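Protein chains: 2
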Amino acid sequence: MVHINENFLKLKSRYLFSRIGEKTSEYQNTHPDKKVIRFGIGDTTQPLPSTILHAFHRGVDEMGDAATYRGYGPEQGYLFLRELIAKFDFQERGADIKPDEIFISDGSKCDTGNILDIFGENIVGITDPAYPVYVDTNIMAGNSGPIQSNGQYEGLVYLSANEANKFCPEPPNHQVDIIYLCSPNNPTGVAMNRQQLTQWVNYALDHHSVILFDAAYEKYIRDDNFPHSIFEIPHAKKVAIEFRSFSKTAGFTGARCAFTVVPKDLMGEDSVGTSVSLHDLWNRRHSTKFNGVSYPVQCAAAAAYTEQGNKEITELLNYYRYNAELIKKTLQKIGFHYWGGENSPYIWVKTPQNLSSWEFFDFMLNNLQIVITPGSGFGIAGEEYFRITCFGNHEDTQIATERMLRWDWNELIP
Amino acid sequence: MVHINENFLKLKSRYLFSRIGEKTSEYQNTHPDKKVIRFGIGDTTQPLPSTILHAFHRGVDEMGDAATYRGYGPEQGYLFLRELIAKFDFQERGADIKPDEIFISDGSKCDTGNILDIFGENIVGITDPAYPVYVDTNIMAGNSGPIQSNGQYEGLVYLSANEANKFCPEPPNHQVDIIYLCSPNNPTGVAMNRQQLTQWVNYALDHHSVILFDAAYEKYIRDDNFPHSIFEIPHAKKVAIEFRSFSKTAGFTGARCAFTVVPKDLMGEDSVGTSVSLHDLWNRRHSTKFNGVSYPVQCAAAAAYTEQGNKEITELLNYYRYNAELIKKTLQKIGFHYWGGENSPYIWVKTPQNLSSWEFFDFMLNNLQIVITPGSGFGIAGEEYFRITCFGNHEDTQIATERMLRWDWNELIP
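Sequence lines, in order, name chains A and B. Here the first sequence stands for residues 6 to 419, numbered as in our numbering. Here the second sequence stands for residues 6 to 419, numbered as in our numbering.
Bound-form chain A, shown alone (with noise of 0.2 Å):
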């Protein structure tokens, strides 16, 4: 008789995004003459800026072309797109990051589940709200004990990200042996400053512990007192991973491209105290369950590099932005309280009446026609608190906004 993994027993419900496309689609199914607006999963609804796209299609017709044809890449990534990141992503920035530290991938959701597979037995920090993958994985991978009746997990560690700690919670005071932490947050849209990041890796430094640094939105940083890498802080490589993506800073959400950064100087230890090299287990994993990023694909990333892909992109980022001030104007009006907006794709909002998370997303989606992100789908720190993205069209952000003016708030929510 086959045995199953039971630690996949223990997850609470189904995937966030998808109970809440589930609900929306539901909605819009009984609804059809409604218009409902899409704030919830941080999807990106503007093309490809067109540098971008002509080297996706220069990538396609090199496959249709035998004396350009490319079969199995290497599975770290091609070198071409591996010396642009360490260059402009890094070394620019201060960071001495060499190309064969970047591993390409199909997705930071897939590697930051799939990082798990070189670590042992640890103790487990995660910020609570968190992107609900981290807890997810560590559930699956048998990191923690069973549910709480608070629905938290036993034996993982909730770092609480709060009001009172404006959102970045500072380093606990005994051992965790891997923190994730995400900045500019996901969900909180609230950015670690230079100093709290190297609080951080102070701790780290201590405790021997690694940091997987979840960079993903870091192209929204406005303000130069913020780190875009975990890189730019001194000794940072000898305890942290970090991960980046374009999907959501070159739209690439459908395309499918990302790439986690292992220094050679990250160690791990095993069960007699040797030291073992974490980039080498993660080129051993990488190299045996993954077979690299589609070539094509490759192609239209490191387009993003070129003086004028660069220019597209910002004024990709400028397209978000202006959603970001908008809505921010709006919540400001209504005088809902908010965080994020300002270095983030993301708004951090308080519900109004202290409703609950799904009580708010319900009303949005009921009387609003908004899909929201329930905050308590983050953690139970997210209870009381809904996500806004803003990576809707201008067209739909005006349209979503006008109708949370029309609304008289005052009125008790039915």
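Take the hints with a grain of salt, since some may be wrong.
Claimed, not checked - Covered, in the sense of this in silico footprint (three residues per stretch, anywhere, with C-beta under 8 Å from a C-beta of chain B), are these stretches of chain A:
hint, stretch
1, 72 to 80
2, 211 to 220
3, 277 to 291
Stated by the list, open to error - Taking lysine-lysine pairs in the DSSO-like style, the calculated list, with each CA pair at most 27 Å apart, reads:
hint, chain 1, residue 1, chain 2, residue 2
4, B, LYS15, A, LYS243
5, A, LYS334, A, LYS355
6, A, LYS269, B, LYS355
7, A, LYS103, A, LYS92
8, A, LYS103, A, LYS269
9, B, LYS334, B, LYS171
10, A, LYS334, A, LYS171
11, A, LYS334, A, LYS39
12, B, LYS269, A, LYS15
13, B, LYS103, B, LYS316
14, A, LYS269, B, LYS17
15, B, LYS243, B, LYS269
16, B, LYS316, B, LYS338
17, A, LYS103, B, LYS28
18, A, LYS40, A, LYS334
19, A, LYS355, A, LYS40
20, B, LYS269, B, LYS28
21, B, LYS269, A, LYS17
22, B, LYS243, A, LYS15
23, A, LYS28, A, LYS355
24, B, LYS103, A, LYS28
25, B, LYS92, B, LYS316
26, B, LYS15, A, LYS269
27, B, LYS269, A, LYS28
28, A, LYS103, A, LYS243
To be clear, the hints were calculated from the coordinates, so they are not data collected in a lab. Here the structure is a predicted model, which means the values were calculated and not measured. From the three backbone atoms N, C-alpha and C, an ideal C-beta is built for every residue, glycine too.
The hints should help you fit chain B onto chain A, whose structure is shown.
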């Protein structure tokens, strides 16, 4: 202190094809004037058929227009592709597989590795020789003890494929919970007929086992007595997961698209004997740790099912079949013993003079500038064999066979 997954330390050496790649590069660097012909890794060389190429371009174009832009797709793949697969690859062959039992992914290598996420402790049986990913991913997942002096891992059940059983091992007379089968086989090139596969399905039904059936090369089957899918065998939906790929059939090694079929009838057990749907577990795994295949790539894959696309794919398969015929004729003339190459793009050959696989690899590289794959890289039963792939272009295959014919094989190999 962060602890590593110590199972990785049990892995005996680098991934086979990386080692071949390195040895080949080393030779080429020291002999820049020599033309090395690669019969090693099973990598395609011929361009994408034009119908597929056009669909790929169309997909890219859609990404460049806000009206047709696609962000995140369903993690399981677009329905347009899953419906085509269900109809043409399964239902038309009498296998009752539904679109929602099909999960699109970026590669069968990834899926055959990642599938272990959903399983617990089991007795795992793997044919020997076998695609190295099966063994390596089981080691990583902790499904074995340490390596033994013979190079096999304690705790794994090796199902020897040898000349005596014509490289089709029969079911064992004891319990195995998970069984890896690959037909047409990589590396031996031998396909399992209906009777042999039925024997395995019946074994799995009797023992409540799950067969992980790798059918990445099914399109090479020419003989009607060989099933293309394990689901052509009665009741296989209760005992099998099937892996398929566009890599070797439509030239997608560099484009990246594959799929895995997990039937809804397939169950595993938890430790108290409750049945749990493996389809549900894989759906959860796939939607938590994967984010869908690039949209233009899925468009390209769908074009393989058009009438014209199918015709072009048959031409592509015939191109490689021509190589197989040429290589087989050459081996016959030289007097080598070989198997496969009939319903498969692989030919499995006995080394001359009982040379070890790597001795013969070095001999071929240094003297004939031909890269073959050492059989021992696929398991100890592969020692003194080597694999030739038929994925070269005609010109290279011609040159390589001429080199082989010119060599005086009666001479002692230096």
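Structure versus earlier hints - violations, ascending order = Hints 6, 16 and 20 not satisfied by this model.
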